[in-house]
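Visitor: For the record, the sequence lines run as chains X and G. First residue of the first sequence: 1, per our numbering; consecutive thereafter. First residue of the second sequence: 1, per our numbering; consecutive thereafter.
Don't take every hint at face value.
DSBU-like mimics (lysine-lysine), calculated; alpha carbons at most 30 Å apart, straight line [claimed, not checked]:
hint: 1; chain 1: X; residue 1: Lys121; chain 2: G; residue 2: Lys197
hint: 2; chain 1: G; residue 1: Lys325; chain 2: G; residue 2: Lys57
hint: 3; chain 1: X; residue 1: Lys247; chain 2: X; residue 2: Lys217
hint: 4; chain 1: G; residue 1: Lys161; chain 2: G; residue 2: Lys235
hint: 5; chain 1: G; residue 1: Lys235; chain 2: X; residue 2: Lys86
hint: 6; chain 1: X; residue 1: Lys226; chain 2: X; residue 2: Lys121
hint: 7; chain 1: G; residue 1: Lys235; chain 2: X; residue 2: Lys121
hint: 8; chain 1: X; residue 1: Lys86; chain 2: X; residue 2: Lys121
hint: 9; chain 1: G; residue 1: Lys197; chain 2: G; residue 2: Lys325
hint: 10; chain 1: G; residue 1: Lys161; chain 2: G; residue 2: Lys19
hint: 11; chain 1: X; residue 1: Lys86; chain 2: X; residue 2: Lys226
hint: 12; chain 1: G; residue 1: Lys57; chain 2: X; residue 2: Lys86
Don't read these hints as lab results, they were simulated from the structure.
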Amino acid sequence: MMHTTTSQQVQRESWDGDTAASGRLLQPGLDVTHGQILYLDDISVSFDGFRALNRLSLSIAVGELRCIIGPNGAGKTTMMDVITGKTRADSGSAFFGQTINLAQHSEAEIAQLGIGRKFQKPTVFEAMTVQENLELALAGPRSVWASLRARLTGQQRDRIDELLTLIRLGEQRARLAGLLSHGQKQWLEIGMLLAQEPQLLLLDEPVAGMTDAETEKTAELLLTLKGRHSLMVVEHDMDFIASIAGKVTVLAEGAVLAEGSLQQVQADERVIEVYLGR
Amino acid sequence: MQSALSLRLAQRIGPLPLKLAGAAALAVLLAMPALHLWTDPASSLHVSAYTLTLVGKILCYAIVALAMDLVWGYTGLLSLGHGLFFALGGYGMGMYLMRAIGHDGNYQSDLPDFMVFLDWKTLPWFWQGSEHLAWALCLAVGVPGLLALVFGWLAFRSRIKGVYFSIMTQALTYAAMLLFFRNETGFGGNNGFTDFKRILGYGIAEPATRATLFLLTVLLLVAALAAGFWLVHSKFGRILTAIRDAESRLMFCGYNPLYYKLFIWVASAMLCGLAGALYVPQVGIINPGEMSPANSIEIAIWVAVGGRGSLIGPVLGAGFINAAKSWFTVAFPEYWLFFLGGLFIATTLFLPRGLLGLLRRHKENA
Ligand SMILES: Nc1ncnc2c1ncn2[C@@H]1O[C@H](COP(=O)(O)OP(=O)(O)OP(=O)(O)O)[C@@H](O)[C@H]1O
Ligand SMILES: [Mg+2]
């Protein structure tokens, strides 16, 4: 049996100097010999008897950009909650790579292992500046002791500048995050995700509340990330999906209803039914 | 969100006039023990023992308020049990002061009077070593720290938050008060400890002793402010405010809030213990009343009125309210609680950033 990567190992490795420059596809130690980075197998979650996830199975390939669509209440956010440790599955299993059983790790450990998450409602640290938000998210040691002695290195400064350019918030770096527009907060949160250098990014409705121009820029950004990271994007905006999607998974009533290209799933009878019927 | 922003504004270092006022206040505080010792009691510059004790006592409260603000204003954990840590520190020091009475008690025994009264023949095990001031100080800091560690570990690990956390801290101090009221607990029951005679061989009421204790209190306050300043401006301090404003975001960034909360919670309790240890020799008494739930609530009011989420605010709040209290309890004792309640409501409604916010707003408008 293979041993599970410990969080300390990952922590030390992600602190390596040369990894700070940009995101990497693979963290040393993560076993993806079968080309898949995430496996969800037969996952069920109930809230007071209501089945939010119903024997859901899904896997994401390394470097893939997967879109998840589905009507309200389909269980998309709940699925992300299970992956990131916020909600525990009643049954079934979730693996990161071949060997890491996500059910055995806390939220913070899962984040350190290399899974980053953007919330459905944009969540940033409002009382801090844009730059300080990125500083906190930056990959590195997470212990109390380290936080007491932390000093930004030149390399980290460069990384922050790079991220600020990428998320188009360079001019706003000294502003309090609470004063940003909705779309800018979405970007800041995406920037914070990237600062963590995760291998797998989960984005829950990243373009909600964005203007068309902002949405377009976000699509561009995600396409540049594809390949370097693996991404799972939940969205309702079909135009946005069309502009980024390779493979689309449709969730309904807590299970996978259809999977394929956007055209394929849009032509699927059952998909049309859940979106239009009832 | 609005409150997170205004807290942030309040956290910035004060403008120049505020710094000058701080320096002036420090100069006055440092001059007070000298004026007590070396001026003629008839002179108008003389600082009486009463005044020195009163101000020394308020400074101890200010340290507690600062400790409270680190967990409440910065980290968002409203403790309604901080009076317990303060009282435990006081009891630690009180044990030494009781032992230092020696044979000069009413019963002229080796044992403290209350033990003779209970007909105890030997010291309980937990009193061993309390004749040494150094050990008593270890207890005064260590016991609140240990209690906070155990309580915090259990509460934070179970992710108890908000009002549930506040109620648990309130219950904790109440339970401790009931325990300390019992004679069998071994801390003098409802009378607590009093009638101290000396500390390290010096008479407890000697002017030089008073002046020294006062000076130590000023130094502790300054040191606590400096340490607090360093702490809240470090990355650690930013993580504390992140816990306050968006704890789940922080967790998904890979931080485990448990250890951060535990660190500041225990540090705060230990600081309260130290303040309590300086308080008892100055006021000359410690009893379970210090653990009453109302005392802990009052600490929260000092912080709210002074301005939470800043370092100076709680110090101002503790100073202002306690100065007002000592005036009221002489002039109109029956109206004090109405005044305090009214003040708290008025601050909550009109001054979310407390007195400090008022001072700063005045500056910003000018
Ligand atoms: N903590 C919870 N307690 C009870 N029910 C919950 C909880 N979280 C989610 N649910 C329910 O589970 C179902 C799935 O919710 P989920 O948020 O995963 O849907 P979603 O697909 O993300 O929908 P949307 O597109 O509206 O964001 C919903 O019916 C929701 O009401
Ligand atoms: Mg959702």
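Visitor: Between the alpha carbons of G:Lys197 and G:Lys325, is the straight-line distance 30 Å or under?
Guide: 28 Å, holds
Visitor: Straight-line Cα separation of G:Lys161 and G:Lys19 no greater than 30 Å?
Guide: 36 Å, violated
Visitor: Between G:Lys235 and X:Lys121, is the straight-line Cα distance small enough, at 30 Å or below?
Guide: 25 Å, holds
Visitor: Taking only the CA atoms, is the gap from G:Lys235 to X:Lys86 under or equal to 30 Å?
Guide: Holds, because 25 Å separates the two Cα atoms, which is no more than 30 Å.
Visitor: Starting from X:Lys86, check that the Cα of X:Lys121 is at most 30 Å away, please.
Guide: Since the Cα atoms of X:Lys86 and X:Lys121 sit roughly 15 Å apart, the hinted pair holds (cutoff 30 Å).
Visitor: With a cut-off of 30 Å on the C-alpha distance, tell me whether X:Lys226 and X:Lys121 pass.
Guide: Status holds; Cα separation ~23 Å.
Visitor: Could you grab the alpha-carbon distance between X:Lys121 and G:Lys197 and see if it respects the 30 Å cut-off?
Guide: 63 Å, violated
Visitor: Is G:Lys57 within 30 Å of X:Lys86, Cα to Cα?
Guide: Roughly 47 Å separates the two Cα atoms, so the pair is violated.
Visitor: Would you mind confirming whether the straight-line C-alpha gap from X:Lys247 to X:Lys217 stays at or under 30 Å?
Guide: Within the cut-off at roughly 20 Å; holds.
Visitor: Does the structure keep G:Lys325 and G:Lys57 at a Cα separation of 30 Å or less?
Guide: Given pair G:Lys325, G:Lys57 holds - Cα atoms ~12 Å apart, limit 30 Å.
Visitor: Regarding the pair X:Lys86 and X:Lys226, is the alpha-carbon distance no greater than 30 Å?
Guide: 25 Å, holds
Visitor: Within a Cα-Cα threshold of 30 Å, do G:Lys161 and G:Lys235 meet the stated pairing?
Guide: Holds, at about 23 Å.
The structure fails to meet hints 1, 10, 12 from the earlier list, while all remaining hints are met.
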